[in-house]
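Colleague: Let the sequences and hints guide you as you build the complete structure.
Which chain is which? The protein sequence lines are A and B, in order. In this text, residue positions in the first sequence follow numbering that gives the first Met the number 0: the first is 0, and each later residue adds one. In this text, residue positions in the second sequence follow numbering that gives the first Met the number 0: the first is 0, and each later residue adds one.
Where hints are given, some of them may not hold.
Since the list gives no way to pick out one identical chain from another, each pair is judged satisfied if it fits inside one copy or across any two copies.
[Said to hold, decoys possible] Distance condition first, Cα-Cα at most 25 Å in a straight line; then the derived SDA-like pairs of lysine to any residue:
(1) K119 - I160
(2) K50 - P110
(3) K50 - L112
(4) K13 - A161
(5) K119 - E52
Calculated directly from the structure, the hints in this document are not laboratory data. Predicted, not measured: the structure shown is a model, and the values here were computed from it.
There are 2 protein chains.
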Amino acid sequence: MGRWEPDSRGRLRKAAMELYAERGFEATTVAEIADRAGVTERTFFRQFADKREVLFAGGEGLAGAIAAAIAAAPSGASPLDAATAGVEAADGYFPERTYARRRQTIIDANPDLLERELIKLASLARSIARALRDRGVDAATATLIAEVALGLFRVAFERWIAEGETRGFGELARESVAQLRELAAPGDRHQAPAHRT
Amino acid sequence: MGRWEPDSRGRLRKAAMELYAERGFEATTVAEIADRAGVTERTFFRQFADKREVLFAGGEGLAGAIAAAIAAAPSGASPLDAATAGVEAADGYFPERTYARRRQTIIDANPDLLERELIKLASLARSIARALRDRGVDAATATLIAEVALGLFRVAFERWIAEGETRGFGELARESVAQLRELAAPGDRHQAPAHRT
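Modeller: See the structure below:
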């Protein structure tokens, strides 16, 4: 192993994903991941705290990008519009779609990983609420919109990784928000037509 | 200990909450809970699988009540209205407010409990989506509204256990939905007035 290990991080991630898919997350060891990536275990631990972290590294960047986009939304933007701009900004922080699909399959199959993912998503909602409060949105509205934005994020992500989907995450996020607006409209088109005024 | 142990479940729950608050969840043992409740450990384990379960028992009843209320919503109700009826129905399944506050404080202080709570909430969203699909709501809309409903549920619950709050959960749930409708309205009142047509 040379002193320089170009893209050892990328190779470790790829090796880990292959092994998790082949043998399951639980049965895979760090030694095996390092071996397949052609690096030492020490190199693994310079890049990732543990084998779970291979799947979650980069999450802070995502939360930061969302918060930055909320902060950068036009000053006249409504809380929901600002939050939507944040969710859309997640686009640039996702891995390649095929990788994201495989990652989700691994997470969904492992309760520990699923718990970790839910913890990260809950913390994402808190950071969205904080970014909204920083824009002057009152605390109650910020919490409400942040929870809703997290729901939109999850729905858009689920659609994005669906088999056969080709549209970008940003477009799917905008579509989800537009659907919510329609579904929440007072003169709801989905309602029975009786007693309309 | 007599053969009949009237309300041993309630006494165990009360004893557990006291001990979790006094010593912390981690430091409390089942033996101590049983002892304070004046029952045997065997009686504890007839009621609860473990000391975490004391805090989460009854969750299936909550999910069932929400799903039943969604199913019972008028056939003309929109997906959001049906989901709202479900969230409101949670009211009858909550413990007394002071208990709910103490419970939340204990959960928030313990990462394991928080993970378990998030898992239960995620499963609640799935059961709301299922109940909506059973009404004929398409899958994409059902998932979107279920995620949003979960957000409304969390917000209403957070408001309900806030110090000094006296309004009922159902009222707070309706208030949160009304706020969402306003915030999601196309002619958003929170938007800057420029360029309105």
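Colleague: Does each hint fit the structure? Answer for all of them.
Modeller: How the hints compare with the structure:
1. For the identical chains of this complex, K119 and I160 are neighbours both inside a copy (19 Å) and across copies (24 Å), given an alpha-carbon limit of 25 Å.
2. In this homomeric assembly, K50 and P110 come within 25 Å of each other (Cα to Cα) both inside a single copy, at 15 Å, and across copies, at 20 Å.
3. For a Cα distance limit of 25 Å, the shortest separation of K50 from L112 qualifies both inside one copy, at 11 Å, and across copies, at 23 Å.
4. Taking the closest pair of Cα atoms, K13 and A161 come within 25 Å of each other only inside a single copy of the chain (21 Å); across copies the shortest separation is 46 Å, beyond that limit.
5. Taking identical chains as interchangeable, the C-alpha atoms of K119 and E52 lie at most 25 Å apart whether they share a chain (12 Å) or sit on different chains (23 Å).
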